[in-house]
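Following the hints, put chains B and C in place on chain A, whose structure we already have.
Chains A, B and C, in that order, are what the protein sequence lines are.
By the working numbering, the letter at position 264 of the first sequence is numbered 264, and the numbering carries on one by one without gaps.
By the working numbering, the letter at position 74 of the second sequence is numbered 74, and the numbering carries on one by one without gaps.
By the working numbering, the letter at position 297 of the third sequence is numbered 297, and the numbering carries on one by one without gaps.
There's no promise every hint is true.
Since copy identity is lost for identical chains, a pair holds within one copy or between any two.
What the hints assert, rightly or not - As a list, the in silico BS3-like pairs of lysine-lysine whose alpha-carbon atoms are at most 30 angstroms apart:
#	residue 1	residue 2
1	122	154
2	302	122
3	302	149
4	224	96
5	69	96
6	149	96
7	96	141
8	141	72
Keep in mind the hints are simulated off the structure, nothing from the lab.
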Amino acid sequence: MRRAVVVVLALGAVLAAAPSAHAAVRDYWVAAVDVDWNMVPNGRDAIEDMMYDASQTVFPTVVYRRYTKSWKKPLRNSPDQDLIPGPLIHARVGDKLRIHFKNLDTAFNRPHSMHFHGVEYKPSSDGAYLPGFSGRDAEVKPGQTWTYKLTAGKDSAGAWPYHDHGPAMDESIDGGMFGMLSILGRHEQAPDREFEVVFAPMGKNFMTIDGRAFVGNTPVFRAKVGELVQWDVMAMGSDFHTFHVHGHRWVTSEGPRDTQTIGPAETYRIRWREDAPGTWLYHCHVEDHMMHGMIGIYRVTK
Amino acid sequence: MRRAVVVVLALGAVLAAAPSAHAAVRDYWVAAVDVDWNMVPNGRDAIEDMMYDASQTVFPTVVYRRYTKSWKKPLRNSPDQDLIPGPLIHARVGDKLRIHFKNLDTAFNRPHSMHFHGVEYKPSSDGAYLPGFSGRDAEVKPGQTWTYKLTAGKDSAGAWPYHDHGPAMDESIDGGMFGMLSILGRHEQAPDREFEVVFAPMGKNFMTIDGRAFVGNTPVFRAKVGELVQWDVMAMGSDFHTFHVHGHRWVTSEGPRDTQTIGPAETYRIRWREDAPGTWLYHCHVEDHMMHGMIGIYRVTK
Amino acid sequence: MRRAVVVVLALGAVLAAAPSAHAAVRDYWVAAVDVDWNMVPNGRDAIEDMMYDASQTVFPTVVYRRYTKSWKKPLRNSPDQDLIPGPLIHARVGDKLRIHFKNLDTAFNRPHSMHFHGVEYKPSSDGAYLPGFSGRDAEVKPGQTWTYKLTAGKDSAGAWPYHDHGPAMDESIDGGMFGMLSILGRHEQAPDREFEVVFAPMGKNFMTIDGRAFVGNTPVFRAKVGELVQWDVMAMGSDFHTFHVHGHRWVTSEGPRDTQTIGPAETYRIRWREDAPGTWLYHCHVEDHMMHGMIGIYRVTK
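Just chain A, same shape as in the assembly (with noise of 0.2 angstroms):
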């Protein structure tokens, strides 16, 4: 079943990354839903030899979920992640986006709501709640629903990040209510494999990456020798973090870098062909942020 769903994704991400003549309109079926969230299924950091209980991992929340046309029926956010982050959104420059958002957030009764970083839209399409100003799209009352309308302008290629920006915006950052777009270039190439990595602290102990901690909690991200591969990175709350990937180096304008400074709702797309197999590591460098868990597995076959 959940098999099933993943190759739909996975079928679904290809006809996304395709370049097209013509530029699309696009929708996303997305709503508030409420879940026990696990930071640490396994109850372990395996590097530091540390067991934990799930009365320290596990707590109550709202997060973005995928979901078929008009909110029929529930899918994995994304082949790497079931929900947090929330659904990974592809577009194209030149194509529209129509993000279909329904609150149905039962546990805490709180309006919601979605605001897109670079994306072209009106206000009405911002989400931020600004008391005297903000409209219906910034207080998504539970049970409601509001069509975010985005355009992909010329200069919204790249990884960005969405999150609430209602009147409960600081609750639900911190319970893991983000997610990222992910739009290419017109005729740009589409990678081979695409990674997401968000960097958010959680519950008063641990730091996470998409939602989890230590490694065996954390995705294990895979590619083969010779694949284009695509790191979308990302921060959510009050930290500033540093992405490191071991046995790897990417370049840019300043020169070939392998750690990057990412500040909160900065975003960064990191692209390298695979040439190194092994099983390497990549974590946030700041030494604390690591040993309370952000830090994962890349694996790499020939």
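This is chains B and C only, laid out in the frame that chain A set:
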């Protein structure tokens, strides 16, 4: 009265920005003056719907203030700002600047100085206190004056900080004793609108933009569709920030961005041709900072 | 005796920097050694005029030290630094490096390793501890040795960190167990002066540059007008910093800068042709960090 001053300064800004065939010598008259500064003049955090009493938001401090020649009459520091940040100092590459500084601090009776980034100068205009090495430029005592002699060199185009670097640097910066230089290339187009955004913590609980906290207290910046707008963004103190403007992007050598990390004394000059009418938010995207005041309104009309 | 070592190393630096027609194999001999390290040898913060007692500033630690072949005789780590940071490892793109590491830690008896950024290597030279995956390269026990085999690839030009990534990584980095690689392009001009600046917190109350706090303890860097100077700047630990040098600017793809954010394990190689005689300050511009020691002197003579 205040209106008259604004008109004079607006004219001054236009003159400062006009390209000229020959390099100019520009004189600025600046004093360190006492003020009881209110971080939250309207006493309110409109987004969180919280009230603040003046006893929580007013503190005595010393700031830089612009004056007419020979410190005869005080002026506003810029069209948008009265006292924090200090006078916006304009020049073009090739110009010489003479900054005439007078210490009128009678509140704390401390020595003060001005230390400038981005420009060329001799050590006697450095303004940085170093026992055994530095001179009078680094310790201008109350009642005394010093003239800092600067050159806008070929690699001086951009926005740059200045700040107190005397023996009381720490307390001075915490109290708002900082400002910006805005230097255009020799023949570079001047912007139609220029907005100064300085992120700095103040008091124990406030995170300020230009010394003010919360929407309605921070500057309301205004522009029209078609105008070339320029944001001079800076951080001072000990915190890192991420500058974000809703509904807009700007192009960098690494591709388009709408969020930028800024550390203490870093500056970014960000430009775009305005094309998005609406009432937008600009803010630091560090969640804690936004919640403690680092957010403001940007209004674009047709 | 110490002078002789400096001369030898200075010659070594010149040789390392000389362009060569053919790629070289470079051997470095490094050991982890015990030391009682004094962060404030002169016992004084000259700017704040405060005294410190050795009981506050000395602590036992383990650091990387350079040796002659087969660890016969200890050497200084670089002309400016004795023990922190570790040996400055020079190479050119195309070279191979063999870093022969011996663990002589008798103070804590911990396993140690070396993990290198910026270069190509197989997983057996990664040096990162990962239970179930990593090998002896990641846990070199006291008395044991390991040779890390690295290649300076086509995207390896620049300054890069190395550091302990073994089971005690956290304690090791806090204690100064880190250093830098400095890799030139195949035919790139070598600088006339190379300065290493490593920002790292140490002990409970000190913010250090190269393991030292406060002017007079941190390195005094020296150059002459006309020389090509290169700053290799790095941060280690959990803090972010902003590197600033008075009276100088450098050019980036985003325009000129004089202040640069640097997060943990990030590195910047900054160059300029010296043209500003004087006694200048270099420092981290994070106010708290500067006040707790991250500041030094740069002397330029004609």
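Here's how the hints hold up against the structure:
1. 122 <-> 154: within (16 angstroms within a copy, 40 angstroms between copies)
2. 302 <-> 122: Between copies only: 13 angstroms across chains, 47 angstroms inside a chain, cut-off 30 angstroms.
3. 302 <-> 149: between (43 angstroms within a copy, 21 angstroms between copies)
4. 224 <-> 96: Result: close only across copies, 26 angstroms inter versus 33 angstroms intra.
5. 69 <-> 96: Answer is within: at 17 angstroms inside a copy they meet the 30 angstroms cutoff, but 56 angstroms across does not.
6. 149 <-> 96: Only inside one copy: residue 149 and residue 96 sit 7 angstroms apart there, 50 angstroms across copies, limit 30 angstroms.
7. 96 <-> 141: within (25 angstroms within a copy, 59 angstroms between copies)
8. 141 <-> 72: Only inside one copy: residue 141 and residue 72 sit 19 angstroms apart there, 58 angstroms across copies, limit 30 angstroms.
Violation of the numbered hints given earlier is absent; every hint is satisfied by the structure.
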